[in-house]
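Chain order of the listed sequences is A and B.
Residues in the first sequence are numbered from 1 upward in steps of one, following this note's numbering.
Residues in the second sequence are numbered from 1 upward in steps of one, following this note's numbering.
Calculated directly from the structure, the hints in this document are not laboratory data.
A quick note: this is a predicted structure, and the numbers were derived from the prediction, not measured.
Do not take every clue at face value.
Stated by the list, open to error - No farther apart than 27 Å at their CA atoms in a straight line, the calculated lysine-lysine pairs in the BS3-like style are these:
#	chain 1	residue 1	chain 2	residue 2
1	B	85	B	95
2	A	83	B	152
3	B	304	B	329
4	A	80	B	156
5	A	26	B	304
6	B	225	A	80
7	B	329	A	2
8	B	46	A	26
9	A	50	B	46
10	B	383	A	26
11	A	26	B	60
12	B	46	A	86
13	B	46	A	83
14	A	71	B	329
15	B	365	A	83
16	B	152	A	50
17	B	264	A	42
18	A	50	B	304
19	B	85	A	86
20	A	89	B	76
21	A	89	B	378
22	B	264	B	320
23	B	60	B	304
24	A	26	B	365
25	B	369	A	28
26	A	69	B	152
27	A	71	B	60
28	B	236	B	264
29	B	352	A	26
30	B	221	A	26
31	B	60	A	89
32	B	352	A	89
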Amino acid sequence: MKEITCIVCPLGCRILIQGDNILNYKCKKGLEYAKNEITSPKRVLTTTVKVIGFERRRLPVRVDREIPKDKLFLVLREIKKIKIDKKVKRGEILIYNILNLSANVISCETIED
Amino acid sequence: MVKLNNFDLVIVGGGPAGLFLAKEAKKKGINVLIFDREDRIGGILKQCIHTGFGLEIYGKDLTGPEVIENLKEEIKNLDIPIFTKSMCIGFEDGKLYFYSPKGVIETKSDYYIFSLGARERNRGSVFIEGDRPSGIFTAGFAQYITNILGLKIGNKIAILGSGDIGLIMARRLILEGMEVIGVFEIMPFYGGLPRNIRQCLEDFDIPLYLSHTILKVSGDKRLKKIFVSEVDQNLKPIGNLKEFEVDTLLLSIGLLPEIDILKKDSLKIDSKTLGPFVNQYFLTNKEGVYVIGNSLTIFDLVDKAMTSSLNALDGILKGKRIWNKDFIKIKKGNLIRNFVPQIIERDVGFVKIYYRVSEPIINKKLYLKEDNKIIFEKKIIAKYPAEMDEILINTDLIEKDEVILEIL
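So that you can see chain B by itself, here it is in the shape it has in the complex (with noise of 0.2 Å):
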């Protein structure tokens, strides 16, 4: 076995959030190794091959592939070993096991850091009754035959869900000359950004159907029909089945932070996100262990996930390993999806805190309170569930143990 022990900062994932951190790091003379599992480092972006990334970062609009190679142009001269094609498949006694090329490696190190991505939610977490063809894919594993394969998925697509993933995917197909009949989603209201039912949907007349969800499929070997309901308020069906005849029906209904390595033992795990708790610098209650990116919670944009990061760089650099006993608890109020950190350390002076909304949000307020005494008020003129906000809130001002996130 290969042991790698003398290393200050292990990384597990070389997508965008764990190769953005290791630059960031590295510059800042802290030793550090990346694992990765795939043969390109690159996660998840090497397959996202529209625009729309690196605006924050690098004041341009690039596409996933374009960020990766800017990311590696900038770590190359930085002498950053990376291992490829090694899967994580252990982590005791605070050492982290991988299955490699080079066969197993173990490690050991004061710091971890795990930017794992995330998974897609599958047909199992919607429950679709009916046959089991071929033909159902989630969207982003579409995306990974379209983009990284180049094989043809189908030719009449349905969607249902309306993240962004799945909306993208409708362009993407169109573009390649499949027919996409429609998107299907259950809320009455869209689940992606704005500006991707302008330039996805609407640019190519593909039709939105809201209040609607796929109940059941058939199909022999190959998917034939979905049946399709109108839901009420309370996402339960009404009127009569509606029949599509499609043969390939993609799933962009949510994304889960993965974080499965770390689960099976004391990870405290937010039941909002799916993702662990945290305190402000992504460190969770495991000893040393900090979590960045998708894996922590489904961010709306890459570059978000990847600036976030150097909350745990920050961490890291002050020594951070385990939680401070006293420490203040953000609790969900009214019209909050879910928001990291979930905890904070005291008078640590400001502190940013990403939040997303439940449901479309018109001229509300949104406040961070202690009992009645207002620690943050912020004016929301208008947010969807689909982005991430991130306000800056003023620790010192805090006295109690717990403060609740609201919207009214």
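For reference, chain A alone in the conformation it holds in the complex (with noise of 0.2 Å):
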């Protein structure tokens, strides 16, 4: 027996992985995720990318939806390529279909001045 720590809420709930049984998921999702978590796991990368022409310096982002755990390093050098130098709106699409891997790379922040 398997116990895996979910990490879709901060419930933290200890899920079992008993062979093919998933055991002690309290929602959906945390049963979506210990099945990922088993055959590829998936998480949601946020950094932060430089900013030029305006007051502050960094401009947060995120992927739009999780992507495979071996991957965080290979997407993360690609959203380093982005400079912004305009004004941008929260949740503008930076980057379509990262990598092909099916999300996007968003803003987190307006930049209005």
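Two chains, each in its own frame: build the complex with the hints.
Put into structure tokens, the structure is as follows:
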């Protein structure tokens, strides 16, 4: 029997994996997380990118859906190529379908001034 | 001096708790004004670029900046004046003073809300002997340098304390290309949320050293070495010192509610939360003064710091400016670390109590008792000190002046 800590929400349920059975999960998302964790673990990636010509120096960005855990550093390398030199809206897509992983890189903040 | 005396409510601190309360208060017709000392509102959430926020309020797993963007959007059309770059410098005779780009501002209103957030414990709080080189940061300040300023804090990092900020920073620094050699925790259990142990440490194979602490540091200009010792059950160092070569040390050793501006006179402080004593409306013993968010007590989740502030709004809507003379005091019992509120009014129906346990609890029972009469009981399957739990108790059942909250 293997125990994994669910990271879907701050409750941090301890989900049990027994052969093909997944036990002790408390919601649908938890079950899905546990399934993924066995086959291909996925994570949300957040970071910041450079801002030029505004008072603030960095813009926080994220992927809009989870990406495979083993691709985190490759995706990060792509994201670091972004430079923001004009106004941007929260939720605006900065990179479409990054590395063909079906996830977009989006802005977490609005920069207007 | 600019005088602003025509507001019902002045909120000091435009972080998540202050902004959330301002929005809800304005919707109820309360004329509200916000002051914030920074150039951008949002408080510490601006630098919390990881996800894990907003699940309760927005039903989505958001980053800190996204929660602030949501709040900004919600208050945009509510016509709430916000004074940024305005630092609270004094509170005298029921008047608040701010230092702002418009000069000194004086405000007087019936109700004040302080949502000032928290400060980090630093090296002085844990007594690490040795040199005083550069390269030793509190974890939250390192987060500011990394996420807001976009600067690199070092190359080879050690982290003291396994609180959530330290765990989040461990992952963050790894992703930014730094090396994190380990997290050292003096207690036999970790301080952060289980999910952060999983996704911040285990995901990146960062070792967690429980029952270990850093006794000494050395380095001429920049930090060069830390000296680590294992500790026994009484937290006393045992065995030989182990040396680790690092150029940076992050301290993630806890937060303290920030209420200095109120402390200098008669504010009653709770020695357990280190925030103010409050009743169920989060009203302090100072007339018209409410304290919410992390300046009241350290919350585990931002959502809770925000929604719990509605207690203060409830008090304001009921016109509460001072404590009732007759109240019930809650005493801290077995395995309880702290709780708010510390006092409650009599016969007011159901009241929510937020509490933390003092060590990991497995299969025990929480009680609120009056002598031997049980007012409330609840089974606790598993609870960590990092989590804050909440219970609803019926004040109508309480007859005495004192009740005790305990786990057996």
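What's the verdict on residue 236 (chain B) and residue 264 (chain B), does the C-alpha distance respect the 27 Å limit or exceed it? violated, 36 Å
Holds or violated: residue 69 (chain A) with residue 152 (chain B), Cα cutoff 27 Å? holds, 24 Å
Residue 329 (chain B) and residue 2 (chain A) were given as a pair; does the straight-line alpha-carbon distance stay at or below 27 Å? Violated, at roughly 45 Å.
Hinted pair residue 71 (chain A) and residue 60 (chain B), Cα distance within 27 Å: holds, 24 Å
Is it true that the CA of residue 85 (chain B) sits at most 27 Å from the CA of residue 86 (chain A)? Answer holds: residue 85 (chain B) to residue 86 (chain A) is near 25 Å, not above 27 Å.
Do the alpha carbons of residue 26 (chain A) and residue 365 (chain B) lie within 27 Å of each other, as the hint requires? holds, 21 Å
Would you mind confirming whether the straight-line C-alpha gap from residue 26 (chain A) to residue 60 (chain B) stays at or under 27 Å? Holds, because 17 Å separates the two Cα atoms, which is no more than 27 Å.
Are the Cα atoms of residue 225 (chain B) and residue 80 (chain A) separated by 27 Å or less? At roughly 32 Å apart (the allowed maximum being 27 Å), residue 80 (chain A) and residue 225 (chain B) break the hint.
Holds or violated: are the alpha carbons of residue 221 (chain B) and residue 26 (chain A) at most 27 Å from each other? violated, 51 Å
Given the hint that residue 60 (chain B) pairs with residue 89 (chain A), does the C-alpha gap stay at or below 27 Å? holds, 19 Å
Checking one constraint from the list: CA of residue 89 (chain A) to CA of residue 378 (chain B), max 27 Å. Satisfied? violated, 46 Å
Proposed proximity, residue 304 (chain B) with residue 50 (chain A) (alpha carbon, max 27 Å): violated, 32 Å
Consistency with the previously given hints fails for numbers 6, 7, 8, 14, 15, 17, 18, 21, 25, 28, 30, 32, ordered from lowest to highest.
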